[in-house]
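Protein chains: 4
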Amino acid sequence: MTNAQLTLIQIDNYGPWTVTPNPRREMDLQTMQSRLFADLAQFIGGRGGYVFFTRFDNMVAITNGLDRTDHDLLQETIGNRYPVTISLGTGTDPSPIVALESATAGLQEAGSAQDGDRREVRFGEYLAEEQRTPEDVQIAHFDVNDATGKYTDQLNEFDSFIQIEQGYATLMRYLREEHGGLSFFVGGDNIISICPGMTEADYRESISHVEATAGVELKVGVGIDKTPHGAGMEAKHALETCRHDGTVVELGTHQDDVEVATD
Amino acid sequence: MTNAQLTLIQIDNYGPWTVTPNPRREMDLQTMQSRLFADLAQFIGGRGGYVFFTRFDNMVAITNGLDRTDHDLLQETIGNRYPVTISLGTGTDPSPIVALESATAGLQEAGSAQDGDRREVRFGEYLAEEQRTPEDVQIAHFDVNDATGKYTDQLNEFDSFIQIEQGYATLMRYLREEHGGLSFFVGGDNIISICPGMTEADYRESISHVEATAGVELKVGVGIDKTPHGAGMEAKHALETCRHDGTVVELGTHQDDVEVATD
Amino acid sequence: MTNAQLTLIQIDNYGPWTVTPNPRREMDLQTMQSRLFADLAQFIGGRGGYVFFTRFDNMVAITNGLDRTDHDLLQETIGNRYPVTISLGTGTDPSPIVALESATAGLQEAGSAQDGDRREVRFGEYLAEEQRTPEDVQIAHFDVNDATGKYTDQLNEFDSFIQIEQGYATLMRYLREEHGGLSFFVGGDNIISICPGMTEADYRESISHVEATAGVELKVGVGIDKTPHGAGMEAKHALETCRHDGTVVELGTHQDDVEVATD
Amino acid sequence: MTNAQLTLIQIDNYGPWTVTPNPRREMDLQTMQSRLFADLAQFIGGRGGYVFFTRFDNMVAITNGLDRTDHDLLQETIGNRYPVTISLGTGTDPSPIVALESATAGLQEAGSAQDGDRREVRFGEYLAEEQRTPEDVQIAHFDVNDATGKYTDQLNEFDSFIQIEQGYATLMRYLREEHGGLSFFVGGDNIISICPGMTEADYRESISHVEATAGVELKVGVGIDKTPHGAGMEAKHALETCRHDGTVVELGTHQDDVEVATD
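Residue numbers (numbering that gives the first Met the number 0), protein chains in the order written: chain A, 0 to 262; chain B, 0 to 262; chain C, 0 to 262; chain D, 0 to 262.
Calculated from the structure, these hints are not laboratory results.
Be a bit skeptical, because a hint or two may be false.
Each pair may be met inside one copy or between any two copies, as identical chains are not told apart.
To be verified - Pairs of lysine to aspartate or glutamate, EDC-like flavour, derived with a Cα cap of 16 Å:
hint, residue 1, residue 2
1, K149, D92
2, K149, D114
3, K149, E108
4, K149, E216
5, K225, E204
6, K225, D92
7, K149, E210
8, K225, E134
9, K149, E75
10, K149, D69
11, K149, E199
Here the structure is a predicted model, which means the values were calculated and not measured.
Taking the hints into account, I'd like the entire structure generated from these sequences.
Next up, the structure:
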């Protein structure tokens, strides 16, 4: 059984800030947002977690292995170096969506995202070291079969993007609704999902659904580990196996032994 | 009539690089990608253009005002500072999608995006200064009505994101298919579109389509100018007028006088 | 005759900010400072200028080719993306130190660097396009003879650093006092100087002085151009000639024809 | 007694890279160097260490609290995101200079800093957790008395810089020669030193020496802790006490109790 620790990172009062006193240059906003995300990726990634840019003003991270002290430091270091501050809500649950609901609710109870007085909120609980297990995190890494050959090298870039985007939009809804999983586009033709305990059959159905609905053919590697980075790396290696062997779903070796075998 | 200069920025051989010799840490890839995008945003934005992250390995920019020398420098400075290089294709046309098709085709003819020997390609034409007019660029800046009140402060962040995402997926297809316009999610509840000469009625229809199809209510400010930055700023101010006056479509003052009045 | 345009970039009220409300983490200050400098280097460098980190809270740039609009944009984009703002003073003169004196005086007259109300000051004059000539900028690029063999590969890093530092401290004072030139350590064993019209003999004397005083052996390549980047590149190529030919002073080809020949 | 863990960070074969195949744009080199330093500052600083830019191609860090795994990750993440790689040597000793000598020697033995085949070297020992004590790190934070009033607001920026620089050059040599301490200019009028167990009298003598030799008046706050960050923060607070009380040397409270009282 998985046990995800999800962190919601919300820029405080960001919308109003972007137009105060006048609308700011869009490319400056894009620069600031993407660098803030990059810094979060380094901070969280260097401690074994994963963060996704989501909407940039609200970013979702899976942070198994990061404790309260790490979150304190993250909030402080961003506040020291950016013109904006961040609030952090954390939740834990076997279901990723439930964990995120808990993380989000904590911030919402503290006030609106556009409340100018609500700054640097901290909310939530963290997995204690003794609660953690080697099956806490299940990461699925999807990509599109031959995206370069079928799209990038054939269509104009926007039409390639539409194909990838529609595949992503379909998968994100399916995994959310059917499994409570959280899927994020991470660039190229790649989607990474934070999943609950799902089986090989579950993944095959997901891929069939996307192909039937959006006409986009996916494959997936899956990893399970104590940390997001560990699970994600296992998923990447499993996806490499798909590429070499022409298979559609590959479960990392860890999962074969521990999770799926006993399912 | 608009006359967009579109630039496709493609990281050379990126997919293979990310797994050579072994899959690289995902958070390092995210960091590198988003910082590369931030640097492009500063470079292009500081010269009056706009760039969008699109798929990160392929990014789309509107670059009216940037000439061949600027593109030379961009390619050189990225090559000096990143572990990857970029190829650049440029095209111009009254229709944004046609301009991008031209830009993309140039790179495709030079070889595959995953051809390890195809590096730092340059292709395309640039608008000569004497060709440029004050109506070359039309930018539409959409946002979601009361996204904070309806989504961010109510739903968990992933479900908020799904709403915004479905609105975006619907709009991007509609504007592409009906008008040849290119729409990009830029964070929060914001979408920026590179549009051909569209009228107020065209925008009203687009918004109605998104509401009918995805259930997401948008409003839009539109700007026209010689440069993307100029048009984008006019669009932002027009969107502020929507917010204050409760209107759904606002055309910037420039457009009132010059473009739409004569349509 | 040279005609340098110098820009002083001063972070507003920085000292007090670093300890308000409490001392901030040193590594956050270092990160913020060095990234601010990097952004200035990209902005100014992409427009043909050079900037040096100097004291980080005060940075010196040579900005021939950047006009008032460029400086406006620089101030705006930094203000949009950093937790601090910058003031900019500009001066022009055949003598670099006189140009910088003028740039500095403008900011000093507007108030103290630690006056919390003095923010985003702009002061100064810019070289008009018609005033500019191909001999406006003289850049000298020094390095230490065989620094790797004599220091880096032999001494502990701090003792290597002391050697380089003492060479730099000696050169910076000599060129300042004798010629009104401005010298900046740029990393490794490299020093870049903004010089007035100096001759080969002047450079030989400078190098002799440093060797006699600090025991550090330098060589130098010199370039002259309309822009700092052009002059700096010529200087780098000249320094490569020193390396290959074992010479101590090399003047770029441009200088041979135009400046030195007529001296 | 202190017990410093020093890490030397050396960019592999950097000099040759900067001129291959031709000299690279200086502002790109400056950007890359300073961003690399910023990333090191975040990585090391977020784990309780301090890093100094030194010569940029060789950087010195005090890394008490970072183990082998942290150094592995640092080397990997830089290699993933930069066009250059780094080698890391580590040493530990009560004397900072001896620790650095050990760290440097390890890299030197592996080959020259300009050996193209010597890449991503790792050398050294790390303090085991059970060896670590609350007095391992002594950090001194110096600044110049009224630098803004006497220099920044009075002189042109280069002459201000010369004053600060000469003060630094004098202090760095004195502490190195007399105590084996390592001093680094960190911007503005600030110098941070990694010191062995030094007393209040030692600091008074250092300050007197700099005033007598270079005419620059310093004051200093000193902190002692298990980690560089802890000691550095204590030093910053002690320096604030100097500022408020007009004193010249202040030892942090920790030191009063533990180190100096027993000296």
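Intra- versus inter-subunit Cα pairing at 16 Å for K149 with E216: within (11 Å within a copy, 34 Å between copies)
Intra- versus inter-subunit Cα pairing at 16 Å for K225 with E134: within (6 Å within a copy, 35 Å between copies)
Status of E199 relative to K149 across identical chains (alpha carbons, at most 16 Å): Classified as neither: same-chain Cα gap 26 Å, cross-chain 37 Å, threshold 16 Å.
Intra- versus inter-copy proximity for D92 and K225 (alpha-carbon distance at most 16 Å): within (14 Å within a copy, 36 Å between copies)
Alpha-carbon proximity context of K149 and E210, limit 16 Å: within (15 Å within a copy, 32 Å between copies)
Identical-chain pair category, K149 with D114, by Cα at 16 Å: between (46 Å within a copy, 15 Å between copies)
Intra- versus inter-subunit Cα pairing at 16 Å for K149 with E108: Only across copies: K149 and E108 sit 15 Å apart there, 47 Å inside one copy, limit 16 Å.
16 Å Cα threshold - placement of E75 relative to K149: neither (46 Å within a copy, 30 Å between copies)
Alpha-carbon proximity context of K149 and D69, limit 16 Å: neither (43 Å within a copy, 32 Å between copies)
Alpha-carbon proximity context of K149 and D92, limit 16 Å: neither (39 Å within a copy, 25 Å between copies)
Intra/inter-copy verdict for K225 and E204 if alpha-carbon distance must be at most 16 Å: Close neither inside one copy (26 Å) nor across copies (50 Å); limit 16 Å.
Checked against the numbered hints given earlier, this structure breaks hints 1, 5, 9, 10, 11; the rest are met.
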